[in-house]
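**Student:** Assemble chains F, R and H onto chain Z, guided by the hints.
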Amino acid sequence: MLRVLYFASVREAIGTGEEMLDPPPEAATVSALIDWLATLSPAHGAAFADRARLRAAIDGRFVSLHAALGKPAEVALFPPVTGG
Amino acid sequence: MLRVLYFASVREAIGTGEEMLDPPPEAATVSALIDWLATLSPAHGAAFADRARLRAAIDGRFVSLHAALGKPAEVALFPPVTGG
Amino acid sequence: MIRILVQTGPIDLAAELALVEADGAGAVATFTGIVRGDDGVQLLDLEHYPGATEAALRTLAEDATVRWSLLSATVVHRVGTMRPGERIVLVATAAPHRAAALDACAFLIDRLKTDAPFWKRETRGGEARWVEARESDDAAATRWARD
Amino acid sequence: MIRILVQTGPIDLAAELALVEADGAGAVATFTGIVRGDDGVQLLDLEHYPGATEAALRTLAEDATVRWSLLSATVVHRVGTMRPGERIVLVATAAPHRAAALDACAFLIDRLKTDAPFWKRETRGGEARWVEARESDDAAATRWARD
Chain Z
176 MLRVLYFASV REAIGTGEEM LDPPPEAATV SALIDWLATL SPAHGAAFAD
226 RARLRAAIDG RFVSLHAALG KPAEVALFPP VTGG
Chain F
176 MLRVLYFASV REAIGTGEEM LDPPPEAATV SALIDWLATL SPAHGAAFAD
226 RARLRAAIDG RFVSLHAALG KPAEVALFPP VTGG
Chain R
2 MIRILVQTGP IDLAAELALV EADGAGAVAT FTGIVRGDDG VQLLDLEHYP
52 GATEAALRTL AEDATVRWSL LSATVVHRVG TMRPGERIVL VATAAPHRAA
102 ALDACAFLID RLKTDAPFWK RETRGGEARW VEARESDDAA ATRWARD
Chain H
2 MIRILVQTGP IDLAAELALV EADGAGAVAT FTGIVRGDDG VQLLDLEHYP
52 GATEAALRTL AEDATVRWSL LSATVVHRVG TMRPGERIVL VATAAPHRAA
102 ALDACAFLID RLKTDAPFWK RETRGGEARW VEARESDDAA ATRWARD
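Protein chains in written order, with the numbering used here: chain Z, 176 to 259; chain F, 176 to 259; chain R, 2 to 148; chain H, 2 to 148.
With the rest of the complex left out, here is chain Z (with noise of 0.2 Å):
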């Protein structure tokens, strides 16, 4: 199981600020995880309709969404920052 976090604008699109799922084989990198969570629901849908403006972190660190995914804990997605 992948524990999968929404922060800010992703989280609100989404309805929930974290996820356990199971994804498949096939979601091998950040970007293919992505395509995946797209088709769960409309909202997920929604929330990932703009790739150019969604981040990503690895457990906790960030990464560009060509990255492979590899084993992970977390996945974490959402809008740029926006500072402190």
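Heads up, some of the hints might be wrong.
Stated by the list, open to error - So these bits of chain Z aren't anywhere near chain R, every CB distance computed over 12 Å:
{"hint": "1", "residue": "Asp197"}
{"hint": "2", "residue": "Ala207"}
{"hint": "3", "residue": "Pro217"}
{"hint": "4", "residue": "Ala218"}
As the list claims (entries may be wrong) - Cut-off 20 Å, straight-line C-alpha distance, at most; resulting in silico cross-link-like pairs (EDC-like, lysine to aspartate or glutamate):
{"hint": "5", "chain 1": "H", "residue 1": "Lys114", "chain 2": "R", "residue 2": "Asp104"}
{"hint": "6", "chain 1": "R", "residue 1": "Lys114", "chain 2": "H", "residue 2": "Asp104"}
{"hint": "7", "chain 1": "Z", "residue 1": "Lys246", "chain 2": "Z", "residue 2": "Glu193"}
Derived by calculation from the structure, the hints in this document are not laboratory data.
We treat Cβ as the ideally placed atom computed from N, Cα and C, and that holds for glycine.
**Tutor:** Just chains F, R and H now, kept in the frame of chain Z:
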């Protein structure tokens, strides 16, 4: 009468921080004023022996030792400042 | 000493500075960010990525400590709902001499703005809206936790 | 608001910062100088030129306020006898945005070190000695009150 102020090591060498004096007309520059002050006592002479380490202000404004004295209310003589 | 706090409660400036000064420095620099209300903002909500935020702030503080040989580096960041006039962030650096403290303080607040996972939502006229990232900020943000 | 204090008593950081924050800024930067005791200094005496000191500090604060459009600039300088660990100077600047507050704070403490008529005397091992000016400081000091 001219109020002459001394600070820091100059004040200590002379033994007072302030004198009311009546310099002669020849004391037309800061440097010439110092020449005259140096004659007032051995302590004054010692205080003004090293001109390279002497700085001056006329009525609260920093000036070079070559500056014309004019008719100020106050002249201050002191070593280079060493910061706040 | 490195001190990182991410908290929902108010920032106690005096208490934090007393800790910093206790480290025996000759020079302490601080930056305090305060919620501005000048453009009609009534509330500011700050969301963050718990755990990753603290790690990002700690990495920045460690980098600054090494680079400027700091005696201490403190970052206290408030999250949750704030009103104009309230402190949102405090950065404090201590070093033997002033240039190190000042440069490290400026470095920390600059990097913190782009390298830590914070998201702002502003409420104006009763309506809440997420703040859009500026491109310059986002370019810098790709540095976050990468190294 | 420009606030200049030259005083023999301790510097009340919290009270000064409360005044600065009351000016409604988004960004407040501070620098606090603390008497160091690491090289055996037991006492620091700071002598100054009353009147000229305040005027020099006010001129610096006014320059910074104009150059960085500050909302406030505060300089509190202690004079007389101090012990290691005590605050000797506080500079605080407030502006809408962080870069202005930080740059102005660094400018004020740098210029204050050379442009204001202060003289330091240090006591080590019971013996008091005037601090010698560094040439770099003295070159800068000729700017003092000249313009």
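**Student:** For each hint, tell me whether it holds in the structure or not.
**Tutor:** Each hint, compared with the structure:
1. Asp197: At roughly 23 Å from the nearest Cβ of chain R, Asp197/Z sits farther out than 12 Å, so the non-interface label holds.
2. Ala207: With a cut-off of 12 Å, Ala207/Z remains clear of chain R, as the shortest Cβ separation is near 20 Å.
3. Pro217: holds (20 Å)
4. Ala218: At roughly 17 Å from the nearest Cβ of chain R, Ala218/Z sits farther out than 12 Å, so the non-interface label holds.
5. Lys114/H x Asp104/R: holds (17 Å)
6. Lys114/R x Asp104/H: holds (17 Å)
7. Lys246/Z x Glu193/Z: holds (18 Å)
In this structure, none of the earlier numbered hints is contradicted; all agree with it.
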